[in-house]
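Protein chains in written order, with my numbering: chain A, 1427 to 1634; chain B, 1427 to 1634.
Don't take each hint at face value.
[As the list claims (entries may be wrong)] Computed footprint of chain B on chain A, listed as stretches where at least three residues anywhere in the stretch have a Cβ under 8 Å from a Cβ of chain B: (1) 1460-1468; (2) 1476-1489; (3) 1493-1501; (4) 1512-1522; (5) 1544-1552; (6) 1589-1595.
[Claimed, not checked] Dumping the calculated DSS-like pairs for lysine-lysine here, alpha-carbon to alpha-carbon at most 27 Å: (7) Lys1566/A - Lys1487/A; (8) Lys1445/B - Lys1445/A; (9) Lys1452/A - Lys1588/B; (10) Lys1452/A - Lys1452/B; (11) Lys1588/A - Lys1487/A; (12) Lys1566/B - Lys1588/B; (13) Lys1445/A - Lys1452/B; (14) Lys1487/A - Lys1452/A; (15) Lys1566/B - Lys1487/B; (16) Lys1588/B - Lys1487/B.
[Said to hold, decoys possible] Chain A is nowhere near these chain B residues, computed Cβ spacing over 12 Å in every case: (17) Asp1441; (18) Thr1510; (19) Gln1552; (20) Gln1562; (21) Ser1573; (22) Thr1575.
No lab work stands behind these hints: they were computed from the structure.
Bear in mind the structure is a predicted one, so any value in this text is a computation, not a measurement.
Ideal Cβ positions, reconstructed from N, Cα and C, are used throughout, including at glycine.
Protein chains: 2
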Amino acid sequence: MEQRYSSELFERAVDEFSKLPGVGRKSALRLVLHMLRMDVGAVDGFADAMYQLRHNVNYCKVCHNISDTEVCQICSSPSRDATTICVVENIRDVMAIEATSQYHGLYHVLGGVISPLDGIGPSDLQIQSLVDRVGQGEVKEVILALSSTMEGDTTNFYISRKLSDYPNVRLTVLARGLSVNDELQYTDEVTLGRSIVNRVDFDARSAT
Amino acid sequence: MEQRYSSELFERAVDEFSKLPGVGRKSALRLVLHMLRMDVGAVDGFADAMYQLRHNVNYCKVCHNISDTEVCQICSSPSRDATTICVVENIRDVMAIEATSQYHGLYHVLGGVISPLDGIGPSDLQIQSLVDRVGQGEVKEVILALSSTMEGDTTNFYISRKLSDYPNVRLTVLARGLSVNDELQYTDEVTLGRSIVNRVDFDARSAT
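Use the sequences and the hints to build the structure in full.
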């Protein structure tokens, strides 16, 4: 490739930034020019944070969420409800649910969903460790919080079969329906149809 | 600040990315999640490129452009015209002019423009070293390629005074006029006025 800048180190830094998703050549140039003007200590801190992230972030050996310790803060917290496990696809889903402040149980990060087309089978995911956790007897409910796609549904079905030895454990899925603030006329018909079938009693206290 | 993620190293990496200009909290999260999935070697390369950039990039001792060597590739190239110096504000301007492939002389990077309101005076800029270069006697033309602002005009004036000891050195500024593809009716009146005053002979060979 032809060299564009008068410094190879500069060129390399721009190249590295442009490899990141959503960062074009012009943004990369802007970021590197900013880096050049930053304090030496600030740049060192940035570089070190990236190094530490990739080398020293652990995954909780219980729920497989990211963690700095062997068992993550959520799994080891006495204030969380250890009888409920919410099964999610990835760590981003944990962050999304935590951000709602509505859930107080534990998690189980599968690391993906069953997708034969992508070559992802049950053994590539953390399904056996979920079955083992349920097998310890403390769990009363498993919430299947996977995407509403064919792959998500397949994975839900597979997990429900695997957990059929524990009929006392309640299996639930997230409620599907209208989004808050959705207008009826713009809602797709499958969602609208389901929200009619799964209608719930009106509760004046929670009405907005 | 409240911790948002279950790993402090993860939190720190997101914090570092969000400090960059134009990178919000959500983009930072997306980039860090991507980093976690990258090869260890690729992340090391990224971190090292940032470290090297800040610690080892030099500035050419002649023109003050970024360089990996004491004198940059442009200043040391025998194919460049050493009798012409183009004075610019910063290294980004060098890149912009180099990208046009229309200029074959040397550069001089001032490091800014005179701006009393920001506390930037002539001694904060590389003006004396420009005068020294011209004083060596080889230079025939100095192109003042600064922004068309009050600060740029002030700096142009200051430099022209400083170079008044060398009346044989031609001082030029960039042509101002209509942009290529500009439509007359949408051009601001100052630019349009100047382009009438400074009209040039029609050259059928360069007409597009």
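Claimed clearance of chain A by Ser1573/B, with the beta carbon kept past 12 Å:
With a cut-off of 12 Å, Ser1573/B remains clear of chain A, as the shortest Cβ separation is near 16 Å.
Does the segment 1493-1501 of chain A contain three or more residues whose Cβ lies closer than 8 Å to a Cβ of chain B?
That given contact holds, which follows from 5 residues of the segment 1493-1501 of chain A lying within Cβ reach (below 8 Å) of chain B.
Could you check that no beta carbon of chain A comes within 12 Å of the beta carbon of Asp1441/B?
8 Å, violated
Lys1566/B paired with Lys1487/B [C-alpha distance capped at 27 Å]
21 Å, holds
Is the listed coverage of the segment 1589-1595 of chain A by chain B valid when you require three or more residues with a beta carbon under 8 Å from a beta carbon of that chain?
n = 0 at 8 Å, threshold three: violated.
Closest CB-CB distance from Gln1552/B to chain A, is it above 12 Å?
Answer for Gln1552/B: holds, closest chain A Cβ roughly 16 Å.
Coverage assertion for the segment 1512-1522 of chain A with respect to chain B, Cβ distance below 8 Å, three residues required:
holds (count 4)
Outside-interface status for Gln1562/B - nearest CB in chain A farther than 12 Å:
22 Å, holds
Please work out if Lys1588/B and Lys1487/B have their alpha carbons no farther apart than 27 Å.
Distance ~21 Å between Lys1588/B and Lys1487/B Cα, so the pair holds.
Going straight from one Cα to the other, do Lys1452/A and Lys1452/B come out at no more than 27 Å?
Holds, at roughly 20 Å.
Does the alpha-carbon distance linking Lys1566/A and Lys1487/A stay inside the 27 Å limit?
21 Å, holds
Would you mind confirming whether the straight-line C-alpha gap from Lys1445/A to Lys1452/B stays at or under 27 Å?
18 Å, holds
Hints 5, 6, 9, 14 and 17 from the earlier list are contradicted by this structure; the remaining hints agree with it.
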